[in-house]
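Fit chain B to the known structure of chain A by using the hints.
What follows is each chain in one-letter form.
2 protein chains.
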Amino acid sequence: MFCALLTVMAEKTNGVANPGPGSGELFQYFRDQVPKTRAQLATLTGLSRSTVGGRLDALVELGLIASAGGAHSTGGRPSSLFALATESRWVVGVDLGARHATVGIADLSGKLLVETTQDIEISEGPTIILELVISIVRDLLAQKSLSVSSLLSLGIGVPGPVEHLTGKPATPPIMPGWDGFDIPGWVGSRLGIPVLVDNDVNLMALGERSMAWPQVDDLMFVKVSTGIGSGIISGGLLQRGAQGTAGDIGHIQISGDEVKACHCGNHGCLEANAAGPAVISSLQRSGVAVSSTTELIALVRQGNIDAIGAVREAGRKIGEVLAMSVSMINPSVIVLGGSMAQAGEHLIAGVREIVYLRSMPLASSHLAIVASRAAQQAGVIGAAIMALEHSLSAENIDAMLNQTELSE
Amino acid sequence: MFCALLTVMAEKTNGVANPGPGSGELFQYFRDQVPKTRAQLATLTGLSRSTVGGRLDALVELGLIASAGGAHSTGGRPSSLFALATESRWVVGVDLGARHATVGIADLSGKLLVETTQDIEISEGPTIILELVISIVRDLLAQKSLSVSSLLSLGIGVPGPVEHLTGKPATPPIMPGWDGFDIPGWVGSRLGIPVLVDNDVNLMALGERSMAWPQVDDLMFVKVSTGIGSGIISGGLLQRGAQGTAGDIGHIQISGDEVKACHCGNHGCLEANAAGPAVISSLQRSGVAVSSTTELIALVRQGNIDAIGAVREAGRKIGEVLAMSVSMINPSVIVLGGSMAQAGEHLIAGVREIVYLRSMPLASSHLAIVASRAAQQAGVIGAAIMALEHSLSAENIDAMLNQTELSE
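Just so you know, the protein sequences line up as chains A and B, in that order.
Each residue of the first sequence is one higher than the last, beginning at 1 in the numbering used here.
Each residue of the second sequence is one higher than the last, beginning at 1 in the numbering used here.
Hint data in this document are derived by calculation from the structure and do not stem from the laboratory.
Even glycine gets a Cβ: it sits at the ideal position worked out from N, Cα and C.
It cannot be assumed that every hint is accurate.
[Claimed, not checked] Residues of chain B clear of chain A, computed beta-carbon distances all greater than 10 Å:
| # | residue |
| --- | --- |
| 1 | Q33 |
| 2 | A83 |
| 3 | E313 |
[What the hints assert, rightly or not] Partial chain A-side listing against chain B, Cβ under 10 Å, derived:
| # | residue |
| --- | --- |
| 4 | A39 |
| 5 | P161 |
| 6 | L165 |
| 7 | R240 |
| 8 | A246 |
| 9 | G250 |
| 10 | N330 |
| 11 | P361 |
| 12 | A363 |
Extracted from the complex, chain A is given alone in its bound form (with noise of 0.2 Å):
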C-alpha cells in the first residue's frame, strides 16, 4: 500500500496539473463489467454525486466508459447506467516461444478479438522477429478496420528471463542475440505505445487466472515441454523475486540414483530428469521408437504402456518439487500447462502422487492440482492482461486525462 502510494507520489511531482486525484481511481470500479448508476457510485466511494458526474464526464469523453442504457427502477425516472467501454480501445498480446509466435489483439476486459500463431526461429535474434511481430500486428489491425492509434499498449512474453524495470532479457539460454536487448524501446518506438516485457511462463500464469480462476489469489502455473518453469500469483499479484528470476523451478535438484548433468552446467535438476527431452531420451534407451514431444503424446494416447510410464514417472519428480512449493508458498491452484500436459491425466496423477504424500494437510486440505484450460492460449491472453494492468491502472487513466486537458 505505502510502496504504491510512493509510486503515485513520484508521477505527480512531475509537475503537470491535475484535475484532482479519483478520476483514475473511479475508473477502477468499473473493471468488474458491471454497469452503473452515478448514485451506486457516489455510495461505493463516498464522494458527491456532482463530483462522481464530473469525473464520470470526463471517462466518458476519453471514451472508456459508455452510457449503458437505464437502471430498473423502483418508481420514477430510470437512472442512467454508465459501464466500460470494452471495445473502445485495444491491447496487443505477443506470446514469443522458442518456434512459434502467437499475436493476439484484446479488448478492455482482456478477451481476445483476433490472433494468429506462426511458426518462428527465436534465435533468428530480436530485429528479425520482433519486424514479423510488428507486421503480424498491423495485419490484424488491418483485417478488423482498426488503427494503431485505437491501442493503448503492448505485452509480450519471451521463452527465458527478464529484467522486470527494464523488460530487457536476463542471459536467456534459448535466445542467442537478445541478451539485453530493449524489447520495449524498439517496438514501442515503431509503434507508438508503452510495451511491457515478461518472461513467458508469468504471462501464462496471468492469463490462465484471468480466463480460469479469476478468484483465485494464490496460483502456480506450471510449464511442462522441453524446459519446465512455473508462474507464482500470490496474494493475488504476480511474484517476480528481486532479480526476476521467482518461479525458476526447472533447476531444483532432486533426488535419485541417476543423478543426470543439465545445460545448465549442474547436475540432477528438474529439467534434465522430467522435460520432455529427458522422457524421450529416456524411452529411447528402453527401445521405444520416439523422437518428439508430438510422437511421445501420440505413444500416450495410443495406450502405450512404456510411453504412460514414462509420462506418470515424470510426473512423480515434478510432483517432487511440487510437494516443496506447496509447503513454501502454499498455492490453492496448482496449474499444469505446456506441451507435455497434453498427455492427459497421467502427468497430473504423478504429480498429484508425490503432492499428496508430502504435503502437511493444513496446506494440501484445499489444493487443486488440474491441467490447462486457457491451454496455448495462456500466454497471449496473459501478455495482453499485463498491458491492460498497465494502461488501466488509475495512475496511467489520470495521466491519459491530464494529456486529454492539456492538447485540449
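Below, chain B alone, put in the same frame as chain A:
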C-alpha cells in the same frame, strides 16, 4: 490494486457518513517520518492547498499528526511543518514462544518504548497464558504512565499455524488447547482494542525487515531452533498463501542416506534432520555430552570440533531447502534467526555452501545470507508492525475520523 479497492468499496457501503476520501491517504505520506509543509503535500497529492489544509486539520485534531516547527525558507515567512506524532498513540506487540512471552509497547514508527520477557509454558493453554499477557500489558502501561485508551491495537505472534482471517490457531502441534481458540475475540473484549494474530515466524520476518532491511522488498526469515520455519516477504508484502501456511519449510523432504521419522508423520523432513534436537541427538550418538541447544551453542563457542561439524552439516541441510527457495521465490536477503543461529557463522557457512553451489547465477548474484540483527526482538517488533499496518491504514484512519465526527 483492484482487490484493495473492493475492500474499500465494502467498507464504504455501510451507510456511515464520509468526510470525503483522502484524509487516510494523506496520512500515509507522513509514515516515512519526514516532516512536510502544506505546499509540499499539495504538490505530492495533486490536491488544492485548501483541501490539504482541511484534511491536515482533521488529522491534527485526531492527534496523529502534529506541528513540527517551521521549514527553512528561501525568503518570506517560514511555512509550518507537520509530522507524524509518533508518541501520540501506541501499539502492543506480543511474541509467544513455547517457553517465553515477550511483550512490548511500540510507538507509531514501530520503535519499542518498553519490553519485557517472562518464562511460560505455552501448553498451559490460552486462558492462562493470555491472562498473563494482559496483566503484563497493564503493568507496562502503568510503568510508563499510559492508559489503555492510548492503545490503537495489539499484535500477537504464536508458535504455530494461524488462520489469517480469523486469527485462530489451526491445529498447532506444540500448542495443546489452542486449536481454533478465538484469540482476537478473547483479548480484544478484555482490552477493547483490535487484536491481530499471526504465526511467530511471519512476524519475525516483518520485524527483521523493519529493523534491518527497510528498503528490501524480497526477504526470507528462517527460524532454526526446536523446529524450522520461515516467513516470506515478496514484493514488499508478507506472503501467507491460501491457508496461511506459506513458509512452512520444516517439513520439506531433503536428500540423505538416513531417512529420519518426523513428528509430523512423514519421513526425511528438514526439521527431523537439521533442527536443534536432531543435531543434539546426532552428537549424542557420537558420544558428545550435550542435551540442550544452550549446551550445543556453548560447545560451538568453545571450539568443539564435533559440535561445529554438526552445526555446519545442519546448515548444509537447511541450505538444500533454501537453494530451492532461491529458485522458487528469488529473495535478495535470507536472514537466519532462532536459537541455532546463535552458533555464529558455522550454521550460515553451511547454508551458503549449498545455496551458492546449487542456485542459478542470476538468482544468487545479489543474494545476501546473513544472521538476524533484530534477534530476540524480531518477533515482538514484527507483532507491533502488524498492529500498526492495521491501525494506520488509510481505511482505518478514515474510520477513526468518522467515529470522531459521529461522537461530536
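Quick rundown of the hints versus the structure:
1. Q33: holds (12 Å)
2. A83: holds (16 Å)
3. E313: Since the minimum Cβ distance to chain A is about 18 Å, E313/B lies beyond 10 Å and the statement holds.
4. A39: violated (12 Å)
5. P161: holds (6 Å)
6. L165: violated (12 Å)
7. R240: holds (7 Å)
8. A246: Interface hint status for A246/A: holds (4 Å vs cutoff 10 Å).
9. G250: Nearest chain B Cβ about 8 Å off; hint holds.
10. N330: holds (3 Å)
11. P361: Given a least distance of 8 Å, the restraint on P361/A holds.
12. A363: Since the shortest Cβ distance to chain B is 4 Å, the answer is holds.
Against the hints set out earlier in the document, violations occur for numbers 4, 6.
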